[in-house]
Every structure is written in C-alpha cells, then in structure tokens.
Amino acid sequence: MSIIKVRNLSKIFGKRVKEATSLLDQGYSKEEILEKTGCTVGVNRASFEVESGEVFVIMGLSGSGKSTLVRLLNRLIDPTEGDVEVSGENLAKVGKEKLRKVRREKLSMVFQKFGLFPFRTVLENTEFGLEIQGIKKEERSQKAKEALELVGLGSFIHQYPDQLSGGMQQRVGLARALANDPEVLLMDEAFSALDPLIRKDMQDELLDLQEKMKKTIIFITHDLDEALRIGDRIALMKDGSIVQIGTPEEILVSPANDYVERFVEDVDRSKVLTANHIMKRPETVDIDKHGPRVALERMLEQGLSSMYVVDRTRQLKGYITADDVSEVRKNEQKNLHNIIRTDMPIAQPDTPIHDIFEIIHNAPVPVAVVEAGKLKGIIVRGAVIAALANGNGVTDTHE
Amino acid sequence: MSDFLPKLPVADWVDLFVEWVQSAFSFIFDPLKNEFGDFIEGTAEWLSEIPPFAVIIIVALLAFFISGKRIGLSIFSIVGLLFILNQDIWEELMFTFTLILFASLISVVIGIPLGILMSKSKWAQAIITPILDFMQTMPAFVYLIPAVVFFGIGMVPGIFASVVFATPPVVRFTNLGIRQVSNELVEAADAFGTTGPQKLFKVELPMARSTIMAGVNQTVMLSLSMVVIASRIGAPGLGDLVLSALQRAQGGQGFVAGLGIVILAIIIDRMTQYLNRNK
Chain A
1 MSIIKVRNLS
11 KIFGKRVKEA
21 TSLLDQGYSK
31 EEILEKTGCT
41 VGVNRASFEV
51 ESGEVFVIMG
61 LSGSGKSTLV
71 RLLNRLIDPT
81 EGDVEVSGEN
91 LAKVGKEKLR
101 KVRREKLSMV
111 FQKFGLFPFR
121 TVLENTEFGL
131 EIQGIKKEER
141 SQKAKEALEL
151 VGLGSFIHQY
161 PDQLSGGMQQ
171 RVGLARALAN
181 DPEVLLMDEA
191 FSALDPLIRK
201 DMQDELLDLQ
211 EKMKKTIIFI
221 THDLDEALRI
231 GDRIALMKDG
241 SIVQIGTPEE
251 ILVSPANDYV
261 ERFVEDVDRS
271 KVLTANHIMK
281 RPETVDIDKH
291 GPRVALERML
301 EQGLSSMYVV
311 DRTRQLKGYI
321 TADDVSEVRK
331 NEQKNLHNII
341 RTDMPIAQPD
351 TPIHDIFEII
361 HNAPVPVAVV
371 EAGKLKGIIV
381 RGAVIAALAN
391 GNGVTDTHE
Chain B
1 MSDFLPKLPV
11 ADWVDLFVEW
21 VQSAFSFIFD
31 PLKNEFGDFI
41 EGTAEWLSEI
51 PPFAVIIIVA
61 LLAFFISGKR
71 IGLSIFSIVG
81 LLFILNQDIW
91 EELMFTFTLI
101 LFASLISVVI
111 GIPLGILMSK
121 SKWAQAIITP
131 ILDFMQTMPA
141 FVYLIPAVVF
151 FGIGMVPGIF
161 ASVVFATPPV
171 VRFTNLGIRQ
181 VSNELVEAAD
191 AFGTTGPQKL
201 FKVELPMARS
211 TIMAGVNQTV
221 MLSLSMVVIA
231 SRIGAPGLGD
241 LVLSALQRAQ
251 GGQGFVAGLG
261 IVILAIIIDR
271 MTQYLNRNK
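Protein chains in written order, with full-length UniProt numbering: chain A, 1 to 399; chain B, 1 to 279.
Source of the hints: derived by calculation from the structure; they are not laboratory data. Each hint should be verified, as a subset may be incorrect.
Straight-line C-alpha distance at most 27 Å; calculated BS3-like pairs for lysine-lysine [said to hold, decoys possible]:
no.	chain 1	residue 1	chain 2	residue 2
1	B	K199	A	K18
2	B	K69	A	K143
3	A	K145	B	K202
4	B	K7	A	K96
5	A	K96	B	K33
6	A	K212	A	K238
7	A	K101	B	K120
8	B	K69	A	K96
9	B	K199	A	K145
10	B	K120	A	K98
11	B	K120	A	K113
12	A	K5	A	K238
13	A	K137	B	K120
14	B	K199	A	K98
15	A	K98	B	K202
16	B	K120	A	K93
17	A	K101	A	K36
18	A	K136	B	K122
19	A	K101	B	K202
20	A	K374	A	K289
21	A	K214	A	K143
22	A	K93	A	K5
23	B	K33	A	K113
24	A	K30	A	K15
25	B	K33	A	K137
26	B	K7	A	K113
27	A	K136	A	K98
28	B	K202	A	K15
29	B	K199	A	K101
30	A	K143	B	K122
31	B	K199	A	K93
32	B	K202	A	K334
33	B	K122	B	K202
34	A	K96	B	K202
35	B	K199	A	K136
36	B	K122	A	K93
Interface residues of chain B toward chain A, partial, derived using beta-carbon atoms under 7 Å [stated by the list, open to error]:
no.	residue
37	L185
38	A191
39	Q273
Idealized CB from N, CA, C, for every residue including glycine.
Sequences are here, hints too, so could you generate the full structure?
Dropping the structure here:
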C-alpha cells in the first residue's frame, strides 16, 4: 500500500512564479526559465509513490532539489503546484490546523546538522515532539526514554547535546523523531555530517532499527554508496527533476540515461555487483555422454586448459584438466570419472564481486557459480578485474 | 533666509501637536504623573530606609551567586557601596537606583514584545527600524521637553525620557536574536508541529536569550546615562548632585557624585553580564 503519493509536485522560487509555472508546463528547461523570469525551479513536476515500510532514497548532487523535495513532503516549503498525499491526506491542500496534526502524528524529520536544541538535555530534546502535543510529563519522558534506549543512548539522557559526539547527537535526532511514533521518517542528509566510519555504523543501525520497526523512511543523500546500501528503491534527481526511480540494482545495471550512468560510475561496484552480473556461460562436458575424446576436442577448440564437468541435469561434478585428459586417452580409457578434480572455487550467484576477488586469487581454474548444485556460469579472473576497474577508480573520494 | 521660500513653521506645528496630545491624553498623563509618581517616590524612600548595611550584604551575596561563586564582584560591591555610604550620598544612590530600575523595567516590558513583533513581520520591521534610529539619534535633551510638558517635573518625566532613550537596544537585540536562530532549529520546531507561540517560547526565545540579555544590559546602561540629564527636570538622585555641583563649580562634590554613578554602573553592568553568561 502506498503511504505517500506525490503527483506533479513543483516548487518555483522567485517573484514571477505564475509566469515560470506556465513556462515549466510548456517544457522549458530550468536554465531557460531562470533566464526568462529570474525564477529558480527547485522541484520540477516530481511524481512518485512510496510503499509502507519501504526505505525510499532520494539522491542527487547539491542543487538537484532533493532537500527542497523532502521539505515539500511535510510542507516546510509550500509547493507551487501538485499534490502530496500522506496516508490519504493531501497536504498541499490542507489548512494549518490539519497540517500541524499530520506533522505531529504522522511525519517526523531528522536533520543534517541534527537540529537539536542546545539548551535542552538529551531527554528534553527527545521529548520535544511529545511536549508540543501536550502529552503529560511522565508519559512523554517514558516514551522518550524508550526511544533513547532504542538508539543506544539510555545512559546519556541528562547530558546536553554539545557534550556528545556527532554520531551520538544524530542518534538523539533519530530518537526525537522516533519518540512520536510517526508513520513516516523524513531523513534529510541525516548522516552526511558524520565521518565515514560513524556513517557506516549509523547506516547499519538504521537498517537494524528498520528491521524491527518497519517505518516508512524517506532518506535524502548525495552519496550513492549510502543510497545503494540502505535504499529499497532510489529516486535520482537532477536539476529538480526525478531522472530515474528503481531498485539499487536497476539503477546500477541499467541506468536510465547518461546522467545516471555518470553518477553510477563513481560507485564502488565491488560491493554492489554480484557473481550473477559478471559470470559467463560455461563450456562443459557431460559426464554421462562425453568421453575423453570430446572433452579434449572442446578444450582445443576453446583454447582452455581445463573444463567443468556436469551430469545430465547440469549438477556440477568437478573439473578436468587437459593434461589429465591426454593421459586418459593415451591409456585408452573410455570415461572421465577417475580424473575429476573437485578443488575448484565456488560462488553463489549473489556473492559480491568483492568476495569473489579473494576466492579467485589463487584458484587454478575459473570460479564456478553454483545454485542448488547446478552450474550456472563461470567467472574468469579478467571479468572480476574488469568489473572492479570499471567503477573503482573514484571510490576513494567516497570513503 | 530667502523671500520666495517662507520658513516652514515646523516648530509651531510641533507645539500645536504637543499641546493637543497633552490635553487629549491628560486622562493618561495625570494619573501617571500623580499615582505612578507617588509610587516611585515611595519605592525610593522605602529603599532609603532599609539599613545600608543590610543592602550592602544583600548586594554582595547576589554578586557572589550571580557571578558563579566568584568573590571579585562581591568585594568591589562592598567597597564601592561603603564608599558611597561614607560620602553621605546613600539616599541619592537609592533614588538613582529606583529611577534606573523603573526606566529599565518599562523599557524591557515595551522593548521585548516590540522586538518579537519586528522579528515576525517584515512590515513591523520596516516601520519600527526608522523610529528606533530617530529615537537614538535625537539628542537626549530633546526628550526632556515633552517629558516636562506631559508630566511636569520630578521622577516620572525623568523615567519617561530615559525610556524613550533606552528602549531601542532591547528592541533591536530581541529582533536580531530571534532572526539569528538557525534555520534548521526553526525547521525542526515546525516539523514537529509547533504552534506560533510554542515555537516562540520553546525555541526562539530560549535560543535568543543571550542576545536579548545583551540588549537588556545596553538598555540598563543607557538609562543610567540618562540620570544626569534627567536631573535637569528635577529627578532627584546622584545626577542632581552632579548638576548642582556643576552650577556651583564644586569640582570635588561633582567628582564624588560622578564616582557614585560609576560604582553603581559597574555593579549593575557586571551583574547583568554574569546573568547572561551562566547557563
């Protein structure tokens, strides 16, 4: 079930908004509109739906409109056009009172620079949302403490934010958002201000929490690695428009256009690509049908020094080497059973390339990709290196 | 000046306006002049009747705790106040203190809400800013004239002139303090569904507190600086001593009274600053 439905949502900043809106509808670009009217297109007719319990990542470089888009969702910024439906309520149209109610009960936000109140303790910060709703002191401090336990800050409740590290501060931000028990969490570059190691921890922790809580999370980031790591689906933004929406794999494997492709080039592919993506169809011999003569012929044909052996149902039996086969032929033996070796490296289709790289390092033969005993494909060393080389060059800037 | 451009009778217009205000609003001015005046003078006299040593001990204790249990300001207060007592200008000090107290209180009570209004509305800001500029650049002596016209002579017109002179900083600093609250905190407040007053009292005012307190400090200091000027229209106190010393060319007496004002100023200034510094 879709909990958030966004249709044709636009935001134009500037004085001549009406003019700019009609130009936008006529299909003029962001630059043209800026030149003609002096207005900036923040978000350009974005449409998407978010399923309940999903982690939906909105990703783009700075200036792509992602932060504006998330603020349109809880109307910290008023949309110029379009609809934002949050569990059936069109926020673009509701009055102040109703909007406040939705913000209090359904949407919580986590901010890039934490947005904590420095004059309040950790507990008081966490209570903020509940306090605003007029919930009694004991009840709200109970709920706030539970939320703080959840993020692992149970023993810091009487500290002030400036006594905590960045990672801990953002945990408070997260606890404050969770204390309200909202349906949707809006996280605006929530981990971007943290250093890389802490960021990874927080991502893991968020995923763990998500496992338990099943909230709907809308996560804004400029970091593709982060997007791929935590997103169930990713929306890529450029110049205020959504360029592509898809699962991490779809985005990586079939980028919708050059822009996405260039974005994706930066990513550390070894973590995302799996054996499935780089394996090729194997040359095999069928142990039930073929003898040494056929095997040797095929090897010569393909220029291989070894070959995998399967049975009639493509169950992997092992591999044979050209030397062994020649030996068998000299001895006039008719079958290959005695020379099958089984010390081959094996991977599953979903094994990340990163792990395959380690397996393949000292292996005598290509890696066999096996699913339920069946040989699905093989991976040669060159393919792994090529895949890593494709995207790995820029990885360091992300770390 | 020139024959074809007759001088505009601005002074006459202002006189007419002041006269009109005086008669039209006498129902406000008269009780202010009489009842409020009596109240202030009563306060000053009551303060003068407290045994000076009790006052000195209270001030020293206050200084001690406000300054975070440091002893410096307490010692200064004790020595300074003993000096004033020794010079036999204690009663004048109490009158001056009362004048500052009421002038500052009224300035703050008017100034903070005005500052909040300014921070919330572009229109209010556009209208109030030039008025504040005007109030601050007009020589302070000028305010004595309407003060006398409305309230006669005594402490009330002195307070009136001080309020006009000393209110702008607290208005400006309140406005500034609220506008300086970081956008993210304002967004956080909004995102959790605060109402306007909730946002103001739970986020903006606490965040702006130290800026506002700096404005209050300035306001108190400015009203103190009006003490001598206000004595020209009969406000009693240390300023009056300075004035009469001036008129009789008594350098020594003037110096002593001036020193009294400086001591009072330092004590008040440091205390309000410490109030600001502590969490």
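If any of the earlier hints don't hold here, list their numbers in rising order. 1, 2, 4, 5, 6, 8, 13, 17, 18, 23, 25, 26, 28, 30, 32, 39
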